[in-house]
Amino acid sequence: MRDDGHKKVYFVNRWVDAGFIGLFSIVAFLLLRQFSSGARTAEVYQSALLLSWFINWPHFSATNYRLYQSRENINQYPITALLVPPIILLAVWGSFALPLQIAPYFIKTYMIWSPFHFCGQSVGITLLYARRGGLRIPTWARLGLASFIFGTFVVPTLKVEANIQGSSYFGISYPGLGVPGWTAGIATGVMWVGAAVFLIYLARLLFEEKVRPPLILILPCVTQYIWFVAGSNWASFREFVPAFHGLQYLFIAWMMQLKERLDHAQASPSSKFVYGESLKWFILNMVGGGILFYGLPRIIASTGADLMFCMGVIHAAIQIHHFFVDGVIWKLKSKSVSSPLMVSLKELVGPIKQLA
Amino acid sequence: MKKRILVFLSLAHLLWPSFAEDPIQIRMLGEKSNVTLFIICIHVILGLSLLGFFMKKGCQSNLHRALFLLIVLVSFFFIMAVMIPYSQHYSWLAILLFLGFLAVFKLMTQFEKPKD
Chain A
0 MRDDGHKKVY FVNRWVDAGF IGLFSIVAFL LLRQFSSGAR TAEVYQSALL LSWFINWPHF
60 SATNYRLYQS RENINQYPIT ALLVPPIILL AVWGSFALPL QIAPYFIKTY MIWSPFHFCG
120 QSVGITLLYA RRGGLRIPTW ARLGLASFIF GTFVVPTLKV EANIQGSSYF GISYPGLGVP
180 GWTAGIATGV MWVGAAVFLI YLARLLFEEK VRPPLILILP CVTQYIWFVA GSNWASFREF
240 VPAFHGLQYL FIAWMMQLKE RLDHAQASPS SKFVYGESLK WFILNMVGGG ILFYGLPRII
300 ASTGADLMFC MGVIHAAIQI HHFFVDGVIW KLKSKSVSSP LMVSLKELVG PIKQLA
Chain B
0 MKKRILVFLS LAHLLWPSFA EDPIQIRMLG EKSNVTLFII CIHVILGLSL LGFFMKKGCQ
60 SNLHRALFLL IVLVSFFFIM AVMIPYSQHY SWLAILLFLG FLAVFKLMTQ FEKPKD
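Quick mapping for you: the protein sequence lines, in order, are chains A and B.
With numbering that gives the first Met the number 0 applied, the first sequence corresponds to residues 0 to 355, in that order.
With numbering that gives the first Met the number 0 applied, the second sequence corresponds to residues 0 to 115, in that order.
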């Protein structure tokens, strides 16, 4: 009984799942700490840009594909699918019309929403693996988990927001809030209390209920900590964090896509189906990502606008749209979402391959 | 959550008059009375949208709740754009704005729900 549950914890197997969920990023961090100066060199920037084509941009495209691939999906989320894009377009228009009054705040909204969104994904992945492992995390432990994961974003963000000079994104300067320095100290305390609460839950599972929680439950927490706290002063690593976030996303979305396509097409599970559908999905999203992030800013810039400004505003707009869409299409409480996410690769490849 | 957001709004309303006296904001938006009017209007819109959102589920459809949230987000954007120059002088305002960001993003996780 326990074995069955254990086998279903992972989509592929413990090492592949762990790699995509965070292990690759942890290894990259350790390697960069060992062999790089920590500076954001041209090589680092170019490598991250290259990864954007294969991981980061396709992950945004995958969200759009999932929402807009059928009329049924659009009807299920009409506001997100039909009303949010024109509102974001209005903000884009405002940013171009008032580059000093609107654009900095549009970028600021994106800059704070982005890590918040990363944290939401990490919490969601932890809950997903808990569910796959047959565990139902109680509210108090869930609160501890969320406090730690969101704390990893709040702490460095408060440190950055203490500086009123702000920062810039593709040359667009945006102001800092000017929060007092002591707030980061309080947030750090809350973050560690959250970690302690979640660890107490895991310890109770282990020692009182004699249930061995899968190790992957703590991986998103560790990964978040590396991304935002331990790696925050390591510019060469920070450059890759969006790609690692995209990798997490693509892995889960890939499984979801395969399961939904299999059910929709009423196809038989087979490795041919998995390869064919995966290739089609990945190529489509790579092209989609390229159009959105590479093509669109250049098309707008061809009208005479500054390319850097176009890239900043358009990239922010696409990502804000992604935060909206992601927030609605991945609700684990919904049966239509959680049910396909209980699939494993073995089920998709089919029983014959499984025996082989 | 509802309580926390209402406390945030009440605090912001109580502290309002002192902003209207500040020359920075007057420089940004023109006349002092315009500034006060703008700030009050945006807060009223935000407050009403929040109330609309938090009304019992039975009274409002999923669609309405999402629309209310969208108005909350847009209103907060304008509040943030007007207030950030001040937050750099008043640290308590900076903290409120930061908490406002978190509250709005948290609310956005309750945007449209799928129909199972």
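Note that these hints are calculated values from the structure, not bench results.
For glycine and all other residues, C-beta sits at the position ideal for the given N, C-alpha and C.
Possibly wrong hints are sitting among the right ones.
Restraint-style ranges between C-beta atoms, simulated for each label pair [to be verified]:
#1 A/V221 to B/L101: 18 to 28 Å
#2 B/K112 to A/G133: 46 to 56 Å
#3 A/G188 to B/M54: 29 to 39 Å
#4 A/R39 to B/L101: 36 to 46 Å
#5 B/N33 to A/N232: 37 to 47 Å
#6 A/W14 to B/L101: 46 to 56 Å
#7 B/M54 to A/I298: 23 to 33 Å
Below, simulated DSS-like cross-link-like pairs (lysine-lysine); rule was C-alpha separation at most 27 Å, straight line [stated by the list, open to error]:
#8 A/K334 to A/K7
#9 B/K112 to A/K258
#10 B/K105 to A/K334
#11 A/K271 to A/K158
#12 A/K158 to B/K105
Negatives, chain B to chain A, calculated, CB over 12 Å [stated by the list, open to error]:
#13 T35
#14 L36
#15 C40
#16 H42
#17 V43
#18 I44
#19 L50
#20 F53
#21 M54
#22 L69
#23 S86
#24 A93
#25 L101
#26 P113
Hint-by-hint comparison with the structure:
1. A/V221 to B/L101: 18 to 28 Å: Given about 23 Å between the Cβ atoms, the range holds.
2. B/K112 to A/G133: 46 to 56 Å: violated (25 Å)
3. A/G188 to B/M54: 29 to 39 Å: Given a distance of about 36 Å, which is inside 29 to 39 Å, the answer is holds.
4. A/R39 to B/L101: 36 to 46 Å: At roughly 28 Å between Cβ atoms, B/L101 and A/R39 fall outside 36 to 46 Å, so the hint is violated.
5. B/N33 to A/N232: 37 to 47 Å: Since the Cβ atoms of B/N33 and A/N232 sit about 44 Å apart, the hinted range of 37 to 47 Å holds.
6. A/W14 to B/L101: 46 to 56 Å: violated (35 Å)
7. B/M54 to A/I298: 23 to 33 Å: About 43 Å separates the Cβ atoms of B/M54 and A/I298, which means 23 to 33 Å is violated.
8. A/K334 to A/K7: holds (18 Å)
9. B/K112 to A/K258: Holds: B/K112 and A/K258 sit about 21 Å apart, inside 27 Å.
10. B/K105 to A/K334: Holds: B/K105 and A/K334 sit about 22 Å apart, inside 27 Å.
11. A/K271 to A/K158: violated (50 Å)
12. A/K158 to B/K105: holds (21 Å)
13. T35: holds (19 Å)
14. L36: Given that every Cβ of chain A is farther than 12 Å from that of B/L36, nearest at about 18 Å, it holds.
15. C40: Given a closest Cβ separation of 18 Å, the condition holds.
16. H42: holds (17 Å)
17. V43: holds (20 Å)
18. I44: holds (15 Å)
19. L50: Check passes; 19 Å lies beyond 12 Å.
20. F53: holds (18 Å)
21. M54: holds (17 Å)
22. L69: At about 7 Å from chain A, B/L69 fails to clear the 12 Å cut-off, so the statement is violated.
23. S86: violated (5 Å)
24. A93: violated (4 Å)
25. L101: violated (7 Å)
26. P113: violated (5 Å)
Of the numbered hints stated above, those contradicted by the structure are hints 2, 4, 6, 7, 11, 22, 23, 24, 25, 26, listed in ascending order.
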